[in-house]
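Here the protein sequences come in this chain order: A and B.
Okay, so the first sequence: first residue is -1 according to this note's numbering, each after it adds one.
Okay, so the second sequence: first residue is 6 according to this note's numbering, each after it adds one.
Just so you know, these hints were derived from the structure itself, not from any lab.
Heads up, a few of these hints could be off.
[What the hints assert, rightly or not] Label-pair restraints from in silico Cβ distances: (1) B/V72 / A/P523: 39 to 45 Å; (2) A/V263 / B/T81: 33 to 39 Å; (3) A/P65 / B/T110: 18 to 24 Å; (4) B/V73 / A/T244: 47 to 53 Å; (5) B/T81 / A/T251: 33 to 39 Å; (6) A/V252 / B/V77: 35 to 41 Å; (7) A/E71 / B/Q43: 47 to 53 Å; (8) B/A33 / A/P426: 49 to 55 Å; (9) B/P95 / A/A459: 55 to 61 Å; (10) A/E404 / B/A33: 32 to 38 Å.
We treat Cβ as the ideally placed atom computed from N, Cα and C, and that holds for glycine.
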Amino acid sequence: MANTLSNAAGSIQFDADVLVIGGGPAGAWAACSAAGNGARVVLVDKGYCGSSGATAPSGTGVWYVQPEQAKREAAMASREALGGFLADRAWMGRVLDQTYDNINLLAEWGYPFATNDEGKSQRTSLQGPEYMRLMRKRVREAGVKILDHSPALELLVDDEGAVAGAMGVRRQQDESWVVRAKAVVIATGGCAFLSKALGCNVLTGDGYLMAAEAGADFSSMEFSNAYAIAPAFGSVTKTLFYNWATFTDEAGTVIPDAAGRHRSVIAKKLLSEKVYAQIDRADESVQAAMRMAQPNFFLSFDRGGINPFTQRFPVTLRLEGTVRGTGGLRITDQSCATSVPGLYAAGDAATRELICGGFTGGGSHNAAWAMSSGFWAGAAAADRARHLGTRTAKRVVTRAGGVALETRNDRPFDPARVTRAVQDEVLPYDKNYFRTGTVLHHSLRQLDLLWSDIRQADAAAPEDVVKAREAAAMTATARWMFRSALVRTETRGMHKREDYAKLDTAQRHLLTSGGLDEVWVKTRPAPALAVQEVAA
Amino acid sequence: MIELVSAERCTQCNICVAVCPVNVFDAASDGPPIIARQSDCQTCFMCELYCPVDALFVAHDAEGPAVVNEQVLVETALLGSYREAIGWTPGSRDRRGTDQSFKLTQPH
Ligand SMILES: Cc1cc2nc3c(=O)[nH]c(=O)nc-3n(C[C@H](O)[C@H](O)[C@H](O)COP(=O)(O)OP(=O)(O)OC[C@H]3O[C@@H](n4cnc5c(N)ncnc54)[C@H](O)[C@@H]3O)c2cc1C
Ligand code: SF4
Ligand code: SF4
């Protein structure tokens, strides 16, 4: 059973109203919003709030739409079929409203939006480094205590099961931290399985594991196989620019139908041979716009001595998992509460099915969701803290973490081996991009064995504990993903079943999943349809 | 991956130690930070952006280490080139706010 937390535990201790775990856009907005609602806030990040996570090194399009009914209607309708008819119009509307307000706030705070030729401010995209540098500044000005390089390892719960804080390590100080809080916001991002996609190696599903140990469940975890195009040698995934590319095979023959928007053709080809791209359909003005839109796209080319407009270069598809998928912690109400009292989820840590069903691919929705859900979760967490008042001062809290943290006097925990074993199941295109019942079964058997193996392993050594918990979180995440994928015997959104290649109108429902030692999946009804469902 | 901390340029401010999301660097008591865990580098280029004196260089290959020559990097103006491109050097401020993404995302 979990350990009671003694008062002496932890080298440094904080008492807060709200603890935010993760300092990407979702966590930063949550912290600002909680502080703005009067809460004393601590924000911990595994890396550095401002440079860490999927947004900071990237450029993100944002779902910023003028509040005019026709434009909103078109924006919502355009995604209905792509998302597999699972999104919820009411949530789309809320997110469009909140995103519009937040982006305009960013302009007030000094974010340097570009202007078009008519001098009109263009607010549909954000440069990651600028945006997150500004957000860190706002978080600090709001009086939030930031702990960088301080990964959370596990949650604390009270005797009624409500979340009461978290603990982790400060990896540059060789000490641990404990934050007791009246409410916790999980904003740890998605899970990209250490695939080296831009900025994603901090995103290993830690928040999912912590939340699951406290009893939270998940939704839409079958929509977790987002793959993005990158040069074979590079980290920068930017599928948009490949809309101007021609794809060729080893011999230089054009691959029919391969395109940025038709990545499955590329994935199929990559199973047997190398694939090359050349961005040869971009004219000079497009080339110039690309360089000004995302300078880092060109770093690996300029530095590797390749001109991507005139030369072919090998490409790969990097798994971004739930980062540009839509699965995550299940949200139970408009405040972004999870199924556990005192625990809220925001950004990629939460499901994005509410606004984009079973498909995002980024496409502006994730950024809009991160800033909106963060804003709501932070405000709700502050509210809960105010309602609890001083009642929590004397509560006894216990540690909710298990795997890799409990002494077992058994085999040592080897994080590198576990990570490789998970990657062997989730990275290959013929297991995760194109799914079949037989292969999913086989992968799940491996992953279930791996889980029972690490459950019995000894607590990780202090220098290994962060990586061990990451490896455990990835194992758990892969099991929720594949168990859900096995249950959905159809093709919908980004979930592609080779053995069930068509959308099945009888399966227009959502899948809830959860559990650690025993993983379970249940169906629940999807929101009302706004348009007629049609097979893709 | 990260390949260079220029001893000549580095002022030992340790900003890179603070900002690297995956904790690749270790601060040293008397000298520039050390690339202590290169294999953890995720090739995100963030350290380069935050180094105030362009002492860092991240090579293009995300899959493995590469050999770089500081002299050549200086001559080819690659040291500091990313910071300049996004408008974070004193001489390139006018590049902030020139994001042209809107020209690429409109229907074409
Ligand atoms: C290359 C790329 C391009 C993209 N482009 C677009 C786009 O154009 N439009 C769009 O809408 N979306 C896009 N996305 C998706 C978008 O970046 C994400 O949806 C967004 O970053 C989510 O924000 P977040 O705050 O939830 O997570 P993140 O930004 O990933 O931040 C998560 C934070 O949590 C921290 N963390 C993780 N584990 C722990 C732990 N155990 N303890 C403490 N902290 C922890 C991390 O260090 C990180 O700082 C893109 C993603 C990538 C990778
Ligand atoms: S940021 Fe630059 S100057 Fe500062 S310690 Fe790192 S390399 Fe040296
Ligand atoms: S490129 Fe990114 S991961 Fe690598 S050292 Fe620099 S900041 Fe760290």
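Verification of the supplied hints:
{"no.": "1", "hint": "B/V72 / A/P523: 39 to 45 Å", "verdict": "violated (59 Å)"}
{"no.": "2", "hint": "A/V263 / B/T81: 33 to 39 Å", "verdict": "holds (37 Å)"}
{"no.": "3", "hint": "A/P65 / B/T110: 18 to 24 Å", "verdict": "holds (20 Å)"}
{"no.": "4", "hint": "B/V73 / A/T244: 47 to 53 Å", "verdict": "violated (31 Å)"}
{"no.": "5", "hint": "B/T81 / A/T251: 33 to 39 Å", "verdict": "holds (35 Å)"}
{"no.": "6", "hint": "A/V252 / B/V77: 35 to 41 Å", "verdict": "holds (36 Å)"}
{"no.": "7", "hint": "A/E71 / B/Q43: 47 to 53 Å", "verdict": "holds (51 Å)"}
{"no.": "8", "hint": "B/A33 / A/P426: 49 to 55 Å", "verdict": "violated (41 Å)"}
{"no.": "9", "hint": "B/P95 / A/A459: 55 to 61 Å", "verdict": "violated (46 Å)"}
{"no.": "10", "hint": "A/E404 / B/A33: 32 to 38 Å", "verdict": "holds (36 Å)"}
Taken one by one, the earlier hints fail for this structure at numbers 1, 4, 8, 9, listed in ascending order.
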